[in-house]
Amino acid sequence: MTSPQIEIQLIAAVVAVACAIPGVFLVLRKMALISDAISHSILPGIVAGFFITQDLNSPLLILLAALTGVITVVLVEAIQKTGLVKEDTAIGLVFPALFSIGVILIAKNANDIHLDIDAVLLGELAFAPFDRLLISGMDVGPKSLWLMGGVLIITVVLLLLFFKELKISTFDVGLSSAMGISPVVMHYGLMSVSSITVVGAFDAVGAILVVALIIAPSATAYLLTSDLRRMLWLSIGFGVFSAIGGYWLAHILDASISGSMTTVLGIVFLLVYLFAPKKGLLSVLYRQKQQRTEVSLITFLLHLNNHSEETERHINHLTEHINWQTVRAKTVLELALKNNMITIANDIVSLTEKGTDFTNRALEYIITNKDDRIEHMKDDFFLFRG
Amino acid sequence: MTISEYFDLLWNDYTLRTITLGTAVLGATCGMLGSFAVLRKQSLLGDAISHAALPGIALAFLITGAKDTNVLLLGALVSGLIGTFWIRGITSKTHLKSDTALGLILSLFFGFGMLLLTFIQKQPNANQAGLDKYLFGQAATLVEKDVQLMLIVTGISLFVLLLFWKEFKILLFDADYAKTLGFNTKFIDILITFFIVLAIVIGLQTVGVVLMSAMLLAPAAAARQWTNSLGVMIVLAAVFGAFSGVFGTAISATEDSLSTGPVIVLVAAVFVLFSFIFSPGRGLLFREIRFRNNRRDLQLKKTLQFMYGIAKDHEDISHPHAIRILNNFQGFTKKSLQRLEEKDWIQLFGQQWALTQTGFEEAKNLFSQKPNDD
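If you're matching them up, the sequences are chains A and B in order. Once you know that position 328 of the first sequence is 335 in our numbering, the rest is easy, because the numbers rise by one and skip nothing. Once you know that position 332 of the second sequence is 480 in our numbering, the rest is easy, because the numbers rise by one and skip nothing.
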């Protein structure tokens, strides 16, 4: 690996971590799309800042553009408050308009600005190592590494200082106000940090892909855990993994680095979405199928309990009476047999003692709808493990 | 070229006419179908779908190697639909919320699309140039065939809209009721979503994937301010959309370096801003005026009530009292007294006032529940 290669990966990883931390809170607060709005609408701020500073990595530009991001949030909330349109429409109206202004500004001043539309969408990670920071003539590394490093340090310090407050105000607004933590301050604090992060990352990965770096790692982590700390660590891990994996994918395909970082994130998310142990698609589908069978079993047992006459309990009659397909009926019958709930003699199904006991308790639960009735059944039986 | 020149040329120049017709039709379709997106609170779905369409365009190009618009748009349609159904899958099968799902699909698909686009750019195929017009749209590349496609799509969606009008409407406003009536809500839902995706896809060439969602939202959000009827709203949204398309194209055609998408979006944003402020029913301006009127009215009635309190103790209710005794009460000014007199509720004699019979009745009934003609 050459030194620029290492530096690119380092920058990518720092950007990914800096995005993942606010991302976790945005996803948990159901405000993920605000990051989309911010990332688009900082564009006019960046262009204006560029006119003033003439340097894409200047801290002043970052602050100016981040201010535009916060203004967007305020604007969206102001429109929502008028009640003229719904919340999502307000977001959808504000950011395209601001982004359009930015694009037009760039197009009109193409000669004065070293920003082109591709850079806006994709960032210029590949060139980042060539813009060095010189301190009294000494080369101390790429500018964007220092910049994003600074943003990351601020984010981490704020996170450590306000972790408790953030946690409470994210999960229980009422409690946090009662404890004297202003939700408004936390909200705008988070928005400001997100804006600064988005602006800092904008240079490296572009306006739209920064959204991927914010949302995707946290969403993926959220599918794997319900613990805030673990979710933070996991999303940082996913971010760094996709940053480095993405770099090498781009290297192989000779394509955009930020594009391939996003693609790696997408693949990781897809895998977790499908195979996550508890919340993944496959396990959800499997659980739903099991629950269906279990409900069928209860229906079946209750039916048996209701009918003492033999005709009603004949095996062929059941398919007809409860309106089941043959396969389904067979599954349920086998399940009940396996658990010693029924016996079959001469094609006549009858409840065993265990089956009667179980049915009566289930019936009691259905009538009273009190959870404590089935509390002990969860251990005894495979049912109700919900 | 200035704007007036543009409109002069419009009647003679074939290319300009094609482009203008195309953007007008596009704006109308987007406004029409966007109304559903806005009312169904799916505004940002359009954003996600339009971004999700990008890899479809790139893949269609990679597979066929040709730059036929129809093929590329077919690719966009397929990948837009995949994105839509994946969003549904995420929100219905996992605990991730819809905002996360939308943001995920939007950014992941777009990132993948950009990866493919940059990959294609490095290919030796000379045909690849110009795919990036799908990012911000270039109305100038519209040819008659594209406009025909738009017209066909518009025709079909209009036909389906009229055919399923009742079903769409009932699903929009009361999905549970629609279900109890026995409508196949899932089918209608998918039908609406499909047409929203379709509208987005045909707009990609003109407005581009990045800003297409605004094209869908803005005319509908503007139209919503002027009416409470679905039919009127759809027609208005179509008109607003068509005008934004035409004006946007006209402005961007007069400048060389401008993509059409951002300009159309800004024109549509102006429509929205205008509607937000000036619509008579819901607009901010008239709402403020109504608010002030109500406050003034309330203030007047407060004064009247105070006067009533004084006057009712007298046998002759029209017995004059000094204005001075109103002093300990904040809600009166010279102007408000005059206004009270105009309403014929009081009479003023120099430094004195007297309640009239109508004013007395008015004050007496102020807090009663009786319906008032006023």
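For the record, the hints were derived by calculation from the structure and aren't laboratory data. Treat the hints with care, as some may be off.
According to the in silico footprint, chain B covers these stretches of chain A (three or more CB under 8 Å from chain B) [said to hold, decoys possible]: (1) 35-44; (2) 226-239; (3) 266-280; (4) 348-357.
For every residue, glycine included, the Cβ atom is placed at its ideal position computed from N, Cα and C.
Evaluated hints:
no., hint, in the structure
1, 35-44, "holds (count 6)"
2, 226-239, "holds (count 3)"
3, 266-280, "holds (count 9)"
4, 348-357, "violated (count 0)"
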